[in-house]
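Undergrad: Sequence:
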Amino acid sequence: GPVGAALIDSAIDKIIFTGSVATGRRVGVAAAQKLLPCVLELGGKDPFIVLDDADLEVASSGAVWGAFMNAGQTCLSVERCYVHRKIYDRFVGLCAEKTRRLKIGNGLDSQTDIGPLIHEAQLRLVESHVIDAQARGARVIVGGKRLPELGANFYSPTILIDVSQQMRVMREETFGPVLPIMPFDSEEQAVQLANDSEFGLAASVWTKDRRRGEKIAAKIAAGSIMINDVISCYGISEAPHGGVKASGIGRTHGSFGLEEMVGIKYVDSDLLPSLKKLWWYGYGPEFAGYMEQLTDLMFSRRRLKRLRAAVGSVRLVRRKGRL
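Residue numbers (the working numbering): 1 to 323.
Bear in mind the hints are in silico, worked out from the structure with no lab data behind them.
Predicted, not measured: the structure shown is a model, and the values here were computed from it.
A portion of the hints provided could be inaccurate.
[Stated by the list, open to error] With a straight-line Cα cutoff of 20 Å, these simulated SDA-like cross-link-like pairs (lysine to any residue) come out: (1) Lys245 with Glu260; (2) Lys14 with Glu259; (3) Lys245 with Asn106; (4) Lys276 with Ala288; (5) Lys215 with Glu259; (6) Lys215 with Asp55; (7) Lys277 with Glu292; (8) Lys103 with Gly115; (9) Lys103 with Leu123; (10) Lys86 with Glu57; (11) Lys320 with Ser300; (12) Lys103 with Lys86; (13) Lys103 with Val140; (14) Lys265 with Pro37; (15) Lys103 with Asp55; (16) Lys305 with Lys320; (17) Lys277 with Arg318; (18) Lys277 with Lys245; (19) Lys320 with Glu259; (20) Lys245 with Gly263; (21) Lys320 with Glu260.
[To be verified] Simulated restraints, written as ranges between beta carbons of each label pair: (22) Asp196 with Arg302: 26 to 34 Å; (23) Asp196 with Asn70: 22 to 30 Å; (24) Asp132 with Arg25: 21 to 29 Å; (25) Arg101 with Asp229: 52 to 60 Å; (26) Thr112 with Ala135: 29 to 37 Å; (27) Ile264 with Gly284: 14 to 22 Å; (28) Ser164 with Thr112: 16 to 24 Å; (29) Asn106 with Val3: 42 to 50 Å; (30) Asp109 with Gly4: 45 to 53 Å; (31) Phe287 with Ile264: 29 to 37 Å; (32) Ile236 with Arg25: 23 to 31 Å; (33) Glu238 with Lys276: 31 to 39 Å; (34) Leu323 with Gly4: 48 to 56 Å.
All residues carry an ideal CB built from backbone N, CA and C; glycine is no exception.
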């Protein structure tokens with residue numbers, strides 16, 4: 001828009017942008033025209049992986065909060081849930097039961113859990129993802145409808161099952177209160193499904209075995225990965241925040257975020273300002289030989305060769321005829 005264009009055209013040193021992938025690409029292109037560095041924190045399609053040894057009571061609460069907090073309008077929201085097939089039915093049941101207990105309403109009411117979406121266009125996008133999933137065989141077990149009796153832009157927190165990786169709800173950023181849950185049969189398949197996305201902002205792994213979770217986390221392409229927690233890494237000021245792939249470039253927060261704000265400059269002050277450098281003009285027939293000996297002194301692995309080079313290098317120091 002005009003504000004963003006004006007900022008890029010101003011005398012700023014760097015752009016830090018948070019927003020959609022489409023807008024982020026336009027910001028990046030505009031910044032590149034001026035060779036203006038930028039940090040882009042863009043969209044996500046964050047996977048939530050539940051292993052067969054996870055605490056299902058805790059993991060299901062994390063999934064419900066991670067998917068529906070702020071009506072799903074958070075870049076770190078849970079947008080895809082992968083659950084080991086052995087515990088799939090029980091996990092789905094817990095999520096459904098907890099979702100039905102959520103109170104939807106005015107955000108100014110202290111009892112409210114979920115408020116509305118930001119505008120009608122976002123509501124239509126969320127709705128289209130659910131409709132597309134249903135048309136391809138998914139089932140809505142909770143929610144899946146507008147709530148006009150509560151006011152504009154309210155959509156019920158929705159759980160989808162029988163989803164597939166090809167559905168829009170599993171590939172595009174929904175940014176709304178929708179939790180699609182899909183089973184997997186092995187850790188390798190879970191990692192493959194998690195990485196099968198153009199996005200790579202964040203992810204979470206749920207297991208009672210921390211080392212097991214860390215091994216899986218190392219294989220997931222994402223900027224932030226939490227084990228047995230979700231979203232709250234954003235509130236840790238020391239933790240760098242940012243993504244890979246279409247989720248952006250650069251980092252904010254933490255020491256890496258501070259370094260993004262620094263222009264690196266190197267200043268060299270010579271300790272021997274009265275000494276002409278050995279490699280300055282003028283050259284002569286013996287200069288190349290001297291330099292070869294200096295190279296041997298610095299890098300040769302043979303002690304005798306380095307000793308001979310040390311003697312020869314003395315001649316380089318005494319070399320006359322320098323300008």
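Undergrad: All hints, please: hold or fail.
TA: We went through each hint and held it up to the structure:
1. Lys245 with Glu260: Holds, at roughly 19 Å.
2. Lys14 with Glu259: holds, 12 Å
3. Lys245 with Asn106: violated, 36 Å
4. Lys276 with Ala288: This hinted pair holds, its Cα atoms lying about 18 Å apart.
5. Lys215 with Glu259: violated, 28 Å
6. Lys215 with Asp55: Cα-Cα ~18 Å, so holds.
7. Lys277 with Glu292: holds, 16 Å
8. Lys103 with Gly115: holds, 9 Å
9. Lys103 with Leu123: holds, 19 Å
10. Lys86 with Glu57: Holds - the C-alpha atoms of glutamate 57 and lysine 86 are around 15 Å apart, at most 20 Å.
11. Lys320 with Ser300: Answer violated: lysine 320 to serine 300 is near 26 Å, above 20 Å.
12. Lys103 with Lys86: violated, 31 Å
13. Lys103 with Val140: The given pair, whose Cα atoms are some 19 Å apart, holds under the 20 Å limit.
14. Lys265 with Pro37: holds, 16 Å
15. Lys103 with Asp55: violated, 25 Å
16. Lys305 with Lys320: violated, 25 Å
17. Lys277 with Arg318: Given that 20 Å is the threshold and the Cα spacing comes to 11 Å, the pair holds.
18. Lys277 with Lys245: Outside the cut-off at roughly 47 Å; violated.
19. Lys320 with Glu259: violated, 46 Å
20. Lys245 with Gly263: Given that 20 Å is the threshold and the Cα spacing comes to 25 Å, the pair is violated.
21. Lys320 with Glu260: Distance of about 47 Å is beyond 20 Å: violated.
22. Asp196 with Arg302: 26 to 34 Å: The hinted range 26 to 34 Å is violated for aspartate 196 and arginine 302, with Cβ atoms some 53 Å apart.
23. Asp196 with Asn70: 22 to 30 Å: holds, 26 Å
24. Asp132 with Arg25: 21 to 29 Å: holds, 24 Å
25. Arg101 with Asp229: 52 to 60 Å: violated, 21 Å
26. Thr112 with Ala135: 29 to 37 Å: holds, 32 Å
27. Ile264 with Gly284: 14 to 22 Å: violated, 39 Å
28. Ser164 with Thr112: 16 to 24 Å: violated, 33 Å
29. Asn106 with Val3: 42 to 50 Å: violated, 30 Å
30. Asp109 with Gly4: 45 to 53 Å: violated, 35 Å
31. Phe287 with Ile264: 29 to 37 Å: holds, 34 Å
32. Ile236 with Arg25: 23 to 31 Å: holds, 29 Å
33. Glu238 with Lys276: 31 to 39 Å: violated, 49 Å
34. Leu323 with Gly4: 48 to 56 Å: holds, 54 Å
The structure is inconsistent with the numbered hints 3, 5, 11, 12, 15, 16, 18, 19, 20, 21, 22, 25, 27, 28, 29, 30 and 33, although it conforms to all the rest.
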